[in-house]
Amino acid sequence: MVELETPEGVRELHRIFLEDVYGIPGGEKIRLCQQCGTCTGSCPTSYLMDYGPREVFAFFRAGMLD
Numbered sequence: 000m001v002e003l004e005t006p007e008g009v010r011e012l013h014r015i016f017l018e019d020v021y022g023i024p025g026g027e028k029i030r031l032c033q034q035c036g037t038c039t040g041s042c043p044t045s046y047l048m049d050y051g052p053r054e055v056f057a058f059f060r061a062g063m064l065d
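The sequence shown maps to residues 0 to 65 in numbering that gives the first Met the number 0.
I should point out that these hints are in silico values taken from the structure, not numbers from a laboratory.
From a predicted model like this one, the values you see are computed outputs, not experimental measurements.
C-beta atoms are modelled at their ideal positions from N, C-alpha and C, and glycine is treated no differently.
One or more of the hints may lead you astray.
Between beta-carbon pairs, the in silico distance windows are [as the list claims (entries may be wrong)]:
hint : residue 1 : residue 2 : range
1    : I29       : E7        : 32 to 42 angstroms
2    : C42       : E7        : 31 to 41 angstroms
3    : G40       : G8        : 11 to 21 angstroms
4    : E18       : M63       : 17 to 27 angstroms
5    : G25       : L47       : 16 to 26 angstroms
6    : Y46       : G8        : 33 to 43 angstroms
7    : E7        : T37       : 29 to 39 angstroms
8    : A57       : R14       : 14 to 24 angstroms
9    : Q33       : R10       : 34 to 44 angstroms
10   : I23       : A57       : 12 to 22 angstroms
11   : F16       : C42       : 13 to 23 angstroms
12   : G40       : P6        : 30 to 40 angstroms
Using the sequences and the accompanying hints, generate a full structural model.
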């Protein structure tokens, strides 16, 4: 279990999340993300999401991953 009360715990959660993303086919491309909006603009289901792909990555970078 990851302890989120510490900065180390948050970093560990980020590491685990990234490993999961990298394991998805094409997931390694997240390393190239520049927040340009291409993923949201080209996602055929982004209009159905509460938070688009670009916002999800912004939350992740801000440490707001749930």
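Comparing the hints with the structure gives:
1. For I29 and E7, the hinted distance range of 32 to 42 angstroms is not satisfied, since their beta carbons lie about 22 angstroms from each other.
2. The given range of 31 to 41 angstroms is respected by C42 and E7, whose C-beta atoms sit roughly 33 angstroms from each other.
3. Taken as a hint, the range 11 to 21 angstroms is violated for the pair G40 and G8, whose Cβ atoms sit roughly 34 angstroms apart.
4. Range check, E18 to M63: about 19 angstroms between beta-carbon atoms, so the 17 to 27 angstroms window is met.
5. For the pair G25 and L47, the beta carbons lie near 20 angstroms from each other, so the given range of 16 to 26 angstroms is met.
6. In this structure the supplied range 33 to 43 angstroms holds for Y46 paired with G8, their Cβ-Cβ distance being about 35 angstroms.
7. Between E7 and T37 the C-beta distance comes to about 33 angstroms, which sits within the given range of 29 to 39 angstroms.
8. In this structure the hint that A57 and R14 lie 14 to 24 angstroms apart at CB holds, the actual value being about 19 angstroms.
9. The hinted range of 34 to 44 angstroms is not satisfied by Q33 and R10, whose Cβ atoms lie roughly 22 angstroms apart.
10. A hinted range of 12 to 22 angstroms holds for the C-beta pair I23 and A57, which are about 19 angstroms apart.
11. Between F16 and C42 the C-beta distance comes to about 19 angstroms, which sits within the given range of 13 to 23 angstroms.
12. Between G40 and P6, the C-beta spacing of about 34 angstroms keeps the proposed range 30 to 40 angstroms intact.
Checked against the numbered hints above, the structure breaks hints 1, 3, 9 and satisfies the rest.
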